[in-house]
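Chemist: Since the structure of chain B is provided, determine the placement of chain W on it from the hints.
Taken in order, these protein sequences are the chains called B and W. All letters in the first sequence, in the order written, are residues 1 to 719 by the UniProt record's numbering. All letters in the second sequence, in the order written, are residues 1 to 719 by the UniProt record's numbering.
Quick caveat, the hints were computed from the structure, so don't treat them as lab data. Hints may contain errors.
One copy or two, either will do: identical chains are not told apart, so a pair holds if it fits within one copy or between any two.
The calculated BS3-like cross-link candidates involving lysine-lysine, where the alpha carbons are at most 27 Å apart (straight line), are [claimed, not checked]: (1) Lys357 / Lys369; (2) Lys603 / Lys104; (3) Lys295 / Lys669.
2 protein chains.
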Amino acid sequence: MKSIFFRKWYFWMCVLSTYFSLYAQKDYKLWLQYTPITNPETVANYWENVQNVISTENSETLNIARSELKEGLKSMLGDHFDISKKADNIIVLGSFKSLNEKMKNQLKYDFDKIKKDGFIIKTLIEKDLKTTVITAKNDIGVLYGVFNFLRLIQTNKSIEKLNIIDSPKTDIRILNHWDNLDGTVERGYAGSSIWNWQKLPEFIDQRYIDYARANASIGINGTVLNNVNANALILTPHYIEKVAALADTFRSYGIKVYLTARFSAPIEIGGLKTADPSNPEVIKWWKEKANELYKAIPDFGGFVVKANSEGQPGPQNYGKNHVDGANMLADVLAPHGGIVMWRAFVYSEHDANDRAKQAYSEFVPYDGKFKENVLVQVKNGPIDFQPREPFHPMFGAMTKTPLMIEFQITQEYLGFSTHLVFLPKLYEEVLQSDTFSEGKGATVAKIVSGKINDHVLSGMAGVANIGSDLNWCGHPFAQANWYGFGRLAWNPDLSADSIANEWLRMTFSNEENFVKPIQKLMLQSRETVVNYMTPLGLHHIMATNHHYGPGPWVSNLSRPEWNPTYYHKADANGIGFDRSDTGSRATAQYFPEIAKQFNDIKKCPETYLLWFHHLPWDYELKNGKTLWNGLALQYQQGVNEVHDMQATWNRMQAYVDETRFKEVQMLLKIQYEEAKWWRDACLLYFQQFSKKTLPDGVEKAAHNLNYYQSLQFPFAPGI
Amino acid sequence: MKSIFFRKWYFWMCVLSTYFSLYAQKDYKLWLQYTPITNPETVANYWENVQNVISTENSETLNIARSELKEGLKSMLGDHFDISKKADNIIVLGSFKSLNEKMKNQLKYDFDKIKKDGFIIKTLIEKDLKTTVITAKNDIGVLYGVFNFLRLIQTNKSIEKLNIIDSPKTDIRILNHWDNLDGTVERGYAGSSIWNWQKLPEFIDQRYIDYARANASIGINGTVLNNVNANALILTPHYIEKVAALADTFRSYGIKVYLTARFSAPIEIGGLKTADPSNPEVIKWWKEKANELYKAIPDFGGFVVKANSEGQPGPQNYGKNHVDGANMLADVLAPHGGIVMWRAFVYSEHDANDRAKQAYSEFVPYDGKFKENVLVQVKNGPIDFQPREPFHPMFGAMTKTPLMIEFQITQEYLGFSTHLVFLPKLYEEVLQSDTFSEGKGATVAKIVSGKINDHVLSGMAGVANIGSDLNWCGHPFAQANWYGFGRLAWNPDLSADSIANEWLRMTFSNEENFVKPIQKLMLQSRETVVNYMTPLGLHHIMATNHHYGPGPWVSNLSRPEWNPTYYHKADANGIGFDRSDTGSRATAQYFPEIAKQFNDIKKCPETYLLWFHHLPWDYELKNGKTLWNGLALQYQQGVNEVHDMQATWNRMQAYVDETRFKEVQMLLKIQYEEAKWWRDACLLYFQQFSKKTLPDGVEKAAHNLNYYQSLQFPFAPGI
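Okay, chain B solo, but in the shape it has when bound:
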């Protein structure tokens, strides 16, 4: 009986899923597709372990957890819950304290191992009755456990005998939205801001809830709603009530709201004459502002501040320094439990020093001087979110200060939302870099998670790639970067490989014939973009302002360090920025083991070669080729690799819904054309200096250099 019934059910399930998918927006559902599992044996197997879901308590978060679990299971396995079953093969959800004594006894040792926000998923067997318990120290931990459990089914893993004990390795796992109050998004390539300030606070868009769900599913627990290039109006009552409405919406999903604080806000909206952080009126103004914020949002997270950076106001406007500014704000937030994330992204046009050295020079002397609720937020590399940079030398250099790492999820310098680039591979490279700050093994991951210097606070920030596009991120695969950032913020030691694997299975398909080649494609994609944009350590040679496409020739910008020519220094003698002991000595900012390696042309990894060294065009690379030939071949290789990506994707039609299949196909076509554009424009430009012909295997440019230099993109997004 069951089998006939099951076959009928299965038949209609498949038929109906076709109808509904026709108009459903798969893209919108991100990695929470909860795709019906089509193998009857697999479904039957899962059924045996999940006859019912019982929750031991009620709270908004636990209700969300239960409903997410039930709906997710229903969607993947069909509605087969047997609510009469209260003993065998059930899932029990609840905080540790709500469990019965027997369960508590069975779990107490495990429980000692988890930290705040961590969870346990464990199969308990008692007198032949099987229970899967999902428990945690707090409600949000249970929700994280539920998403983990669902992920097991989404990726077709066994749930028969589970023993998962997991806790996040960083405290603050946060998205930075560079969203302006007018609805535009700086460096946003996925439409406009998802915050509808005009309709807030009354109108809670379904998107806010789905945003919170998606973030909770990967452990993200904070969001900075507005641009680091801040507008003080966000701190006026008019906006605070809107921010509070978002905070209310996100709270049950474990997400705290943060804002950027414009340092001159006391002048702009407070009517004061100064924003000097030592001025009592200014301090009083910020104190009252903090009181006002916490009255509206009792769990308000705190401030991110971009001060004295790229024209933003800051304490230096008043002869004070970053410590003065950060500590003043930290003091007003401390009574409420708030924190300050003070950005170290500073460089000055009046400083003749190598821009790559300036943040370190300015901040490292302040180590130990910041209040304990201040984190210094440091970009992953010393310049600015390039396709490849060595890790920032500040990591490991400030032992008394918690350093957050700031990654860019949005692809400002990485092909916008058009190029398929799997960024967790970049994040992993940085996080697994060994700083040698405390001897071998002091990776950036360990420093960021506070392990090395035992900090109370730790965190990871990602500049969001989220916008109003139906698919959130503008590119189906850009969703993987949001996902991967969250997973790495939870555990900075996860591998990009495993992240790609689970994301693909959740988002597209568990078919091995799909997962294997596309996982490989994703993992290669970051090296590919480096190859066709900035091989061998080149950097910051993008076009002006929008950073869309190549602009290695640009040398007319007002600030020297805004010009690509500042970074590649190509001339008749060669190419590259000498940051070694014979040059800017930026290498000396690293610990000796690393400094020695970067400093020595022979030991320096070729991936960073032109980042640290200026080398003649006929310098011999490790593969025996001249620098010029190697550079040209690397550009060509990037192009070839995109071509291969296209071929691989074209074989995947059977595994992907038509809409997403076509989307990726169209986007890869653009990526291929733009890879060629990068190759041709850069090689034609550098060829003027090298005076050498292209080696065999490198295709000739389709146009001349003038053509590439003439291209204009007046309304390129994200500026």
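Modeler: Relative to chain B, chain W alone:
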């Protein structure tokens, strides 16, 4: 057997539709929900008439028609097609010429009755075999027929014996997108532009296809992609290839692409020193531009031009007039079959005349002078898309010129995308207004459809309310305005009542307990917004620039006719704009029958009272109340009506999915608060002049006038 099977099927259908709807975006699907029909008898009934779908030809449009029909039927009725059935109870799709001789014979008289784009849906019975034929003169007519057929099922109408012969009454049924190249939308309240210029031409967003489907389903056959406040860059090769990609996407859906032409483009992108329409270089430039456009887009529709209006350049900059400008462009487009839609929305700050009179004064003397491929595009009323205006006196006054009517679908002056206002009621009021231009019965509808003066061209333009929001329009009910505009453009004599009915059934539910009260609510909603914003003929008293909320006090703008005080003229003696014979004599622009009525205080409909007359505060209204009391009570009534809308909607939870139910609930709450804001701000302001107390029944304001005058909305959308 069938019945057991059917019950099973029905059971799973319901179960599964719940799963899928959980994450599906119903909002996104507009009126093309194709909701599964849950009454088994109804389903079985439909089944009997649609055993199979056969198409007699292949073309892109016909393939779309077949696939839309099949998928729509599958979604509503389940997949029951019996492909072995080739004779009985089938639907045959195809153009007339492709039908077999028997069918042709049976349909030939009907066929003579349809015009271009019209269609026939007819049940033919031959030897007991039943066929439903959907046919037309051209492929797009068949697609229109298919959508009409689907609508019958969507609205639960019988399809047993059909005999529908329908043709559009206007030629050009077009949306005007006021979308800027930077992605913002002027007067857009639903996110950013749906055109992703950066990713075009290669990336065809699924949204473009769904946009085309939605438009084709209501007969819209043209789209102007960019803002009437135009940027000449849209006419450069860089953008033309992007426009061509959209045209390629829309073509099979019967939608032509049009652009706005910035009159000074020859200077801005052509390198000329002048844009004088009589200059041979200028004419040559436009000719070449037209050639370039038609080479890329062989069926390019033509230009919309806003010239010498609100600062836009135009022929008057060179001492020439509108005819000179329009005809020059008409000449360059004529060889390609293109048209010019020349806007009549002109008024000058240097003209001391009543703004309401200026377009008529300027344009009517040109009647008969425009080339035959020019249409003059006239807003529905003489001012600017107010909640209520009398019809524009130009309708009926230019017998030799085809006049398009321009409606605003986006709610610039009507509560943005926050207020539920069913605009077809407004459109109907205008379209059914009798101009008396050729005696009684010369309605605006008949003039616009070319009936009265027998024009070759006719058309209706709607300023789109479409943006990147998940639900396209920002408010679930704003979709009804897009829908209703399309239906009225097809047939300007449709009733708002029937449009509301069919839209509700297609979009939400066929349940009478839902349709009846909500249809009533929609039909009342336009009068409600007039009541709480601009009762008794008041107009243009919105706040500056953004037009969000009340601003009757504004009198400091540089141009006199931009100030609300210009329009209401409230003073100690009374309120209203005297446009009668004792005033600006704007009434004289109407045909005598109407002029007499508007001119005479006693005959003038009270809905237009203060539009045409300045009256003392104690003027006695028809209901015996003084003007002041009547005005105050009307404001209060608007507020009360919104309160009733809330109560009605709150009873509808059982009939609407949770997401949309809550969305509308939240939006009605905002609308209620804003209705009170309008009432309080306006009455407090006018009370300064009337010096009278509020009548019984009118609630006192929550704040004082200063408070309302102090409100600022720095980033209100749509400017």
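Chemist: Compare the structure with each hint and give your call.
Modeler: Checked hints:
Only within a single protomer do Lys357 and Lys369 lie at most 27 Å apart by alpha-carbon distance; the minimum there is 21 Å, versus 71 Å between protomers. For the identical chains of this complex, Lys603 and Lys104 are neighbours neither inside a copy (55 Å) nor across copies (84 Å), given an alpha-carbon limit of 27 Å. Proximity of Lys295 to Lys669 under the C-alpha cut-off of 27 Å is restricted to the inter-copy arrangement: shortest distance 24 Å between copies versus 52 Å within a copy.
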